[in-house]
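Could you fit the two chains together into a complex? Lean on the hints.
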Amino acid sequence: MKKELEHSFVELLEKHQNIVHKVCRLYTNNYDAHNDLFQEITIQLWKAYPKFRGDAKFSTWMYRVSLNTAITLYRKSKRTINTQDFEDVAFKIKSDAYDDTEEEQLKILYKAIHQLNDIEKALVFLYLEDKDYREISETLGISEVNARVKMNRIKTKLKTILNP
Amino acid sequence: MDELDLLKKDWNKPSDHNKLSAKDIYPMLLKKSSSIVKTLFYISIAELAFWIIINFIPYFASDSYKAKLDSVYTNEYVFGAITTFSYGIILLFIYLLYKAYKAISVTDSIKNLMKSIIKTRKIIKYYVLYNLVVAGVSLLIGFYYAFTHDPELTDKFAHFTTKEVVITSMIIVVFTVVFILILWLFYRLIYGLLLKRLNKNYQELKKLEV
Numbered sequence: 001m002k003k004e005l006e007h008s009f010v011e012l013l014e015k016h017q018n019i020v021h022k023v024c025r026l027y028t029n030n031y032d033a034h035n036d037l038f039q040e041i042t043i044q045l046w047k048a049y050p051k052f053r054g055d056a057k058f059s060t061w062m063y064r065v066s067l068n069t070a071i072t073l074y075r076k077s078k079r080t081i082n083t084q085d086f087e088d089v090a091f092k093i094k095s096d097a098y099d100d101t102e103e104e105q106l107k108i109l110y111k112a113i114h115q116l117n118d119i120e121k122a123l124v125f126l127y128l129e130d131k132d133y134r135e136i137s138e139t140l141g142i143s144e145v146n147a148r149v150k151m152n153r154i155k156t157k158l159k160t161i162l163n164p
Numbered sequence: 001m002d003e004l005d006l007l008k009k010d011w012n013k014p015s016d017h018n019k020l021s022a023k024d025i026y027p028m029l030l031k032k033s034s035s036i037v038k039t040l041f042y043i044s045i046a047e048l049a050f051w052i053i054i055n056f057i058p059y060f061a062s063d064s065y066k067a068k069l070d071s072v073y074t075n076e077y078v079f080g081a082i083t084t085f086s087y088g089i090i091l092l093f094i095y096l097l098y099k100a101y102k103a104i105s106v107t108d109s110i111k112n113l114m115k116s117i118i119k120t121r122k123i124i125k126y127y128v129l130y131n132l133v134v135a136g137v138s139l140l141i142g143f144y145y146a147f148t149h150d151p152e153l154t155d156k157f158a159h160f161t162t163k164e165v166v167i168t169s170m171i172i173v174v175f176t177v178v179f180i181l182i183l184w185l186f187y188r189l190i191y192g193l194l195l196k197r198l199n200k201n202y203q204e205l206k207k208l209e210v
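These protein sequences, in sequence, are chains A and B. Under the UniProt record's numbering, read the first sequence as residues 1 to 164, first letter to last. Under the UniProt record's numbering, read the second sequence as residues 1 to 210, first letter to last.
Don't read these hints as lab results, they were simulated from the structure. Treat the hints loosely; a few may be bogus.
[Said to hold, decoys possible] Only some residues are given here: those of chain B computed to face chain A with a beta carbon under 10 Å:
| hint | residue |
| --- | --- |
| 1 | L20 |
| 2 | S21 |
| 3 | S34 |
| 4 | K38 |
| 5 | D108 |
| 6 | K115 |
| 7 | L194 |
[Stated by the list, open to error] A few chain B residues that don't get close to chain A, going by computed Cβ distances all over 12 Å:
| hint | residue |
| --- | --- |
| 8 | P14 |
| 9 | I117 |
| 10 | Y144 |
All C-beta atoms in this analysis are idealised placements derived from N, C-alpha and C, irrespective of residue type, glycine included.
Just chain B, with the same shape it has in the complex (with noise of 0.2 Å):
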């Protein structure tokens, strides 16, 4: 006999271990979930909220820092243009999020349900790629901008010869990538252990389809 027949044979007779009565079932309709689409939500909220408050905040709570940003951006339009531009790509991250998650159905096939929860991690992933890469391209301008801008400074880089001032600036992109690289890492390392498991059956599954 095959030997999972025999098992089968085991495995079908009625058991009584375990079982619940509808008393039991009843308080475990209110408890609280602990899913891994949970737990990305609240992740993907944190992540929104996180880079818009990191992004918009400064400039409304200081007013010597929107001072400073009404002189470098002295065009309007050009301030408008990228205020707007960043709200646009907010937006559109909060619309791609929110269909990604209602795409996700626990009916769905097992391959399905993995697909559409690791869609949703991509999405989650070029938010904060975008936001890194904005907040590297911040930085580099800000650094810019305050060699060349601040009396101080500048006073201070008109002594230095061409190879500090290559030596300096090479340190500023070293810094400038050392701190985006280490941030994507963190991020990395969250989203590495949350769905370690998740990407493991992921890659059995595709195996099954060679």
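Isolated chain A (complex conformation) (with noise of 0.2 Å):
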């Protein structure tokens, strides 16, 4: 029984890891850092996961453990040793696609995003992912008519660092 809640769980988190990898770059600055958050959240699903009920969508259900662990019960790595910087690695865009000043301007947003606090970071995400202000509140536990008035102030604070 429980290896095969092992099993079926392991291939769920494969499948949507990328959520969890998203998280994380958002909430650390380095590989180990990175590293240190994913195994943390993947301890917290796995913890989570007999209650998981399957009426939710599982990436759903991720989204929330995933930000509670980033923003709430995620105590920072005691290792001290940076590795490289995410800001020059991860987040170089090297596809031909985009133009320099879009290469650019992203590059400038990803930082930008980086400086925001925890809350703002949790919005910005969410928005990212396409949810929409019922999910982003709930998630939160704010009210909707908050979500959309702090988003919108993330949208002009953005905007000044990229337009001074």
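Here it is as structure tokens:
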């Protein structure tokens, strides 16, 4: 029974791991911290999995557990050796489809988002994941109106950073 | 185009960066969590154990202490009532903590999860506060008892002028208060450090509701 559960969990996580990676990318600055947070989120997901009823989408359920772990449960890694910084590596866009200015803009945008506080990051994350304001407000535990207002403020903030 | 829409385009591109296989994930399930809830849980267990030991071990470990206590509590009913009360309080805190931990759910909304962790921390805070008050009161009663009943001390005290008595009493009170205060600051520091980020984020969320 446990083996079956383990198997189905690993299969689902493997399929949806990109969600967790994106959260880690948003909340950490280097590879060690990224892996550390990924590990902690995996444990939290696994611990909560037996109660996962399947009435919600696995990905939606993952958003909550991942964000809750990144924002609240996770204690920053004690490892202090900073390997390569993400700014230069993970966010470097190599696609030829972008022209220089767009690439430059994206780099600045990612940098700007990294400077937001934990709650703002969560809002941006869910927005980027195409979640509607109902789901965003439910995940954060605030009203829909307040989620909208805050999101607009973040957009203005980013606009100012990009076009000073 | 909206800045975030530009980002969205890039964000949702499939990425193979850091991609893990099932083989990488299995060992991860066996690792131990290092979440703040777990740390909080260990601290609360240590807290419970520490104060239980402080309260009861001397009584069971030392016969002379027991004899002294028995002489203080000449009334058996009073002693029985105090013991029952102490155990009752400990049981109550264990129950409240158990309930608080059960209420912490990682699938809750971000705000509710923070709320339930803060509530758990508050229960530990009240438990510590209760013990500090009891420790303070016991210290003061202990001093009072020593000065009024200990033959050696009462003898010394008898030669004191009123001024000296007042000064000694003040020193004792100040000593007790400082002792309790230092302990309290120590606790605040531990929890302050542990929950600094959580408190900051909780305030941030609350600010959104104004």
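So, going through the hints one by one against the coordinates:
1. L20: L20/B check passes; min Cβ-Cβ to chain A is 6 Å, inside 10 Å.
2. S21: holds (7 Å)
3. S34: With a closest approach of 6 Å, the S34/B hint holds.
4. K38: holds (9 Å)
5. D108: Holds. Min distance 7 Å.
6. K115: holds (8 Å)
7. L194: holds (8 Å)
8. P14: Since the minimum Cβ distance to chain A is about 7 Å, P14/B lies within 12 Å and the statement is violated.
9. I117: violated (7 Å)
10. Y144: holds (45 Å)
Going through the hint list in order, the structure does not satisfy hints 8, 9.
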